[in-house]
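A.B. asks: Sequence:
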Amino acid sequence: MPSTWGAAGGGLKLGRTGNSNCPVTVLQDYSEIFRGTPVKFSIPGISPGIIFTGTPLEIEFAEKPYCAESSKWVAFVDNEIQKACVGIGGPEGHPGQQTFSGTFSIQKYKFGYKLVFCITGSGTCLDIGRFDAKNGEGGRRLNLTEHEAFDIVFIEASKVDGIIKSVV
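Under the numbering used here, the letters of the sequence shown match residues -17 to 150, in that order.
No lab work stands behind these hints: they were computed from the structure. Note that the Cβ used here is the ideal one computed from N, Cα and C, for glycine as well. Treat the hints with care, as some may be off.
[Stated by the list, open to error] Simulated pairs of lysine to any residue, SDA-like, Cα-Cα distance not exceeding 25 angstroms:
| # | residue 1 | residue 2 |
| --- | --- | --- |
| 1 | Lys54 | Gly94 |
| 2 | Lys96 | Pro26 |
| 3 | Lys92 | Ala131 |
| 4 | Lys92 | Thr106 |
| 5 | Lys96 | Asp11 |
| 6 | Lys(-5) | Lys22 |
| 7 | Lys90 | Gly105 |
| 8 | Lys96 | Phe82 |
| 9 | Lys(-5) | Pro77 |
| 10 | Lys54 | Phe136 |
| 11 | Lys96 | Glu40 |
| 12 | Lys92 | His129 |
| 13 | Lys65 | Asp11 |
| 14 | Lys22 | Pro5 |
| 15 | Lys96 | Ile25 |
| 16 | Lys90 | Ala(-10) |
| 17 | Lys96 | Ile28 |
| 18 | Lys92 | Phe16 |
| 19 | Lys(-5) | Pro26 |
| 20 | Lys(-5) | Glu119 |
| 21 | Lys46 | Asn1 |
[To be verified] Computed Cβ-Cβ distance ranges for the label pairs, DEER-style:
| # | residue 1 | residue 2 | range |
| --- | --- | --- | --- |
| 22 | Ala44 | His129 | 27 to 33 angstroms |
| 23 | Ile33 | Thr106 | 18 to 24 angstroms |
| 24 | Ser24 | Gln64 | 29 to 35 angstroms |
| 25 | Asn117 | Pro38 | 30 to 36 angstroms |
| 26 | Asp114 | Ile32 | 32 to 38 angstroms |
| 27 | Ser52 | Gly78 | 16 to 22 angstroms |
| 28 | Gly118 | Glu138 | 28 to 34 angstroms |
| 29 | Ser104 | Gly78 | 18 to 24 angstroms |
| 30 | Lys90 | Lys22 | 19 to 25 angstroms |
| 31 | Ile28 | Gly78 | 31 to 37 angstroms |
| 32 | Glu128 | Glu45 | 29 to 35 angstroms |
Using the sequences provided together with the hints, build the complete structure.
C.D. replies: Structure follows, in structure tokens:
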């Protein structure tokens, strides 16, 4: 969720962008009422435990669309808007677009936190920001940026009858 209430928007979800028939792009909903789709954080190669700021992480949605290979977050260059965005899956979910493997981390930022993506083997790390393509996608895309990072807070996903109801 954004660290401030109101016009900053709501939680995260998946959406269809460009010519994709499958919702494989991570979007931030425009509505501050929408609390988001549940995500999971894991430390590669380590069993669950405490996550500290700066720890390399993998992020994935708790559930994946039937049409996606995986719900694990990746970065890809969207040729239509010429920006590196956050999506799920792998190259097969983003045909004709360059994908990057890497890890995310959480860093303290302003009133909350920010997410950072580090490209494997390059030493390049970029903040995760937001980009509004203003083309009816139903939310702002998460994108890699050197400018304004997306200032976030975390909320715990609640479970009712074994079903996760909300998250980040």
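A.B. asks: Please go over all the hints and tell whether each is borne out by the structure.
C.D. replies: Verification of the supplied hints:
1. Lys54 x Gly94: holds, 23 angstroms
2. Lys96 x Pro26: holds, 19 angstroms
3. Lys92 x Ala131: Between Lys92 and Ala131 the Cα gap is close to 10 angstroms, so the pair holds against 25 angstroms.
4. Lys92 x Thr106: holds, 22 angstroms
5. Lys96 x Asp11: Given that 25 angstroms is the threshold and the Cα spacing comes to 17 angstroms, the pair holds.
6. Lys(-5) x Lys22: holds, 13 angstroms
7. Lys90 x Gly105: holds, 20 angstroms
8. Lys96 x Phe82: Answer holds: Lys96 to Phe82 is near 19 angstroms, not above 25 angstroms.
9. Lys(-5) x Pro77: Holds. Lys(-5) to Pro77 sits at ~21 angstroms (cutoff 25 angstroms).
10. Lys54 x Phe136: Holds - the C-alpha atoms of Phe136 and Lys54 are around 18 angstroms apart, at most 25 angstroms.
11. Lys96 x Glu40: Distance ~15 angstroms between Lys96 and Glu40 Cα, so the pair holds.
12. Lys92 x His129: Given pair Lys92, His129 holds - Cα atoms ~14 angstroms apart, limit 25 angstroms.
13. Lys65 x Asp11: Distance of about 19 angstroms is within 25 angstroms: holds.
14. Lys22 x Pro5: holds, 18 angstroms
15. Lys96 x Ile25: holds, 17 angstroms
16. Lys90 x Ala(-10): holds, 18 angstroms
17. Lys96 x Ile28: holds, 22 angstroms
18. Lys92 x Phe16: Between Lys92 and Phe16 the Cα gap is close to 22 angstroms, so the pair holds against 25 angstroms.
19. Lys(-5) x Pro26: At roughly 23 angstroms apart (the allowed maximum being 25 angstroms), Pro26 and Lys(-5) satisfy the hint.
20. Lys(-5) x Glu119: Satisfied, since the Cα-Cα distance of roughly 11 angstroms is no more than 25 angstroms.
21. Lys46 x Asn1: holds, 19 angstroms
22. Ala44 x His129: 27 to 33 angstroms: At 30 angstroms between Cβs, range holds.
23. Ile33 x Thr106: 18 to 24 angstroms: With a Cβ separation near 22 angstroms, Ile33 and Thr106 satisfy 18 to 24 angstroms, so the hint holds.
24. Ser24 x Gln64: 29 to 35 angstroms: holds, 31 angstroms
25. Asn117 x Pro38: 30 to 36 angstroms: holds, 33 angstroms
26. Asp114 x Ile32: 32 to 38 angstroms: Hint holds: Cβ distance 35 angstroms, inside 32 to 38 angstroms.
27. Ser52 x Gly78: 16 to 22 angstroms: holds, 19 angstroms
28. Gly118 x Glu138: 28 to 34 angstroms: holds, 32 angstroms
29. Ser104 x Gly78: 18 to 24 angstroms: 22 angstroms Cβ-Cβ, so the 18 to 24 angstroms window holds.
30. Lys90 x Lys22: 19 to 25 angstroms: Holds - the Cβ-Cβ distance for Lys90 and Lys22, about 21 angstroms, lies within 19 to 25 angstroms.
31. Ile28 x Gly78: 31 to 37 angstroms: holds, 35 angstroms
32. Glu128 x Glu45: 29 to 35 angstroms: Check passed, 32 angstroms falls within 29 to 35 angstroms.
Hint compliance for this structure: every hint is met.
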